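All chains, full assembly: derive it from the sequences and hints.
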Amino acid sequence: MNENTADNKSTSSINKSRPQLPKSPTGIQGLDEITGGGLPAGRPTLVCGSAGCGKTLLAMEFLVRGATEFDEPGVFMAFEETTKDLIQNVASLGFDLTVLIADKKILLDFVYIERSEIEETGEYDLEGLFIRLGYAIDSIGAKRVVLDTIESLFAGLPNPFILRAELRRLFRWLKEKGVTAIITGERGNETLTRQGLEEYISDCVIMLDNRVTSQDSTRRLRIVKYRGSTHGTNEYPFLIDENGFSILPITSLGLQHSISYERVSTGVPRLDTMLDNKGYFRGSTVLVYGTAGTGKSSLAAQFAESACLRGERVLYFSFEESPAQIMRNMRSIGIDLQSCMESGLLKFHANRTTFSGLETHLATMHREINRFKPQIVIVDPLSSLHIEGKGAEVKAVLMRLVDFLKTNQITGFFTSLATSNAALPEIFSTQDITSLIDTCLVVRSVESGGERNRILSILKSRGMTHSNQIREFILTTHGIELCDVYVGSEGVLTGSARVVQEAKKVAIALLHQQTTEYKQRELENKRSILNAKIATLEAEFAIQQAEDEKIIEQEMAQVQQLELDRLRMEKVREADAVPNIILGD
Amino acid sequence: MALQSTDVDENDDSTVWLLRLYVAGSGAKSLAAFANLKKICEECKAGHYQIEVIDLLENPHLAFEDNIVAIPTLLRKVPEPIRKIIGDLSNTERTLIGLDLLLKNGSNTW
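For the record, the sequence lines run as chains S and R. Taking this note's numbering, I'd label the letters of the first sequence as residues 1 to 585. Taking this note's numbering, I'd label the letters of the second sequence as residues 1 to 110.
Treat the hints as calculated values from the structure; they're not laboratory data. A hint or two may mislead.
[Stated by the list, open to error] No farther apart than 20 Å at their CA atoms in a straight line, the calculated lysine to aspartate or glutamate pairs in the EDC-like style are these:
| no. | chain 1 | residue 1 | chain 2 | residue 2 |
| --- | --- | --- | --- | --- |
| 1 | R | K39 | S | E120 |
| 2 | S | K225 | S | D209 |
| 3 | S | K104 | R | E65 |
| 4 | R | K38 | S | E123 |
| 5 | R | K38 | S | D209 |
| 6 | R | K77 | S | E120 |
| 7 | R | K77 | S | E117 |
| 8 | S | K84 | R | E93 |
Model, not experiment: these values are computed from the prediction.
In structure tokens, the structure reads:
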């Protein structure tokens, strides 16, 4: 936005295809974005609003930024505050006017009119004011002028008819002078300003507002009109703090933000595994949703620590715990946030949500993010914002935060407290915020077997194939671990039931092993018995065989003996060889 | 209405009034204011007054230093307290009130 500096005219002449109204950048965070470059250069702008809404500070910051950043000296003509008061008041915004005044960058002029001291005796005009202002402008070569609050002239000077005519002349004169002017005006009952200044200053009208809803005040800024220029039309929340104004432009970016394919580790290895082995997408938004004590903050802390160890910057918005408490608690599970903070990579911003309104919270976050420039933003817990507003408002605020984070490629990590143990975020049931979330983790506690255990599952994770499994979520002294769960007849088993189940599994395996071994041994036995039997039978057979062969031998020997005997007998009897007849006897 | 010079302060007659008239150029209002002032002074404070006319076009820093907004402005520097009157002084009664020249007792103005 700083490119749109003093030489607006040259910029506009270059940009011939679409002539732009010359603009004078305010240097006020956010305002130049809403106005598309600043206030109309060389023209008066009306800033109106009720008492205490920051008109004077806005005007003063316009001058100070002009003098310090854009080399445009300015004249501040005060009608209500003395120069001494003004210098003190803006010192609280970090502006040292005394130096700027000494350097002739800023000139303060306190116009004091006390009605009781003034008697009107006839025709008059405000030529004195013109001369005075003209002298002030010329003496420091001012390009910017603030009249704060010129309407108090009506209280000091009689004859409003003369005043009106003179003011009209004054604004015309300011235009001729070519100075960019801010004229502040107190808000009237039905008009923007009490004296209807908006009739005379028609180029640009900015309205400031400080509304109180349910005991929280929220400052808002709206551009009522801006002749010859497009501008944001919404009400924009803004903050005034020790660094001046910051206005939060509501992001109506039309979802054009560029996306990243880069992945960031969750800090829990098994959770990375569940998310496509890689973790979250950079620039995506992550919601951890769960009941009290399910470890949402621990997941956030683990994510933060792993990011810091990679050298990334993390901004941690805490709405319920102080930074010291978070660090102490996380140390107990082995997450060292202290050294992350000491290295300057981690920054805490802790506030009670009741500290300010919803819009103010958003504006604060916006400002802090712009200053710290983190890669990761953690909001813990998001649901405490819900106490502040209605669902629709929370969703609107969240949408703007998400848009802002995505535009800046910042990974957002939110936790949200569930009031019941349901799997879906029921508190947002009417205004379902999960549609704004890319990755939604659900942590629940499961009560069974006399104990309470945590389980984690991924409700959704856009753009990646993620695990559908439920994991048991364990907080150990060295961080977060995920374990498989057992699904049995009594449902999901976790904790000691899971341990029992693991033991059972070991026992069954052992039993199986034993059975097998027994069977094998039995088979072996049978084989040995069989072999033994075979051996016996063979032995018996051998004996039998031997015996039989012996008998056969004996028989054979007997036959031979008989033959021999017959032959001997024949020889003895000298019988004729008719053995057959003899044998046939 | 009858014009009476003030008798409240006995020293009044001896005090020389210092009056300063701020104008811008020599326009009709400036000239009228000066003429009206001169007339009133002659009537009420003859010989005991000084009028200083300051043209802010020539001395613009005096508008800043003396806190001048309206033109013409008449400043009574002496006697104290300082009084400021704006306008061309054509309303004599109001001018006299502004200069503390009307009687505070017996006057129907109060």
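key: Which numbered hints fail   = 5, 8
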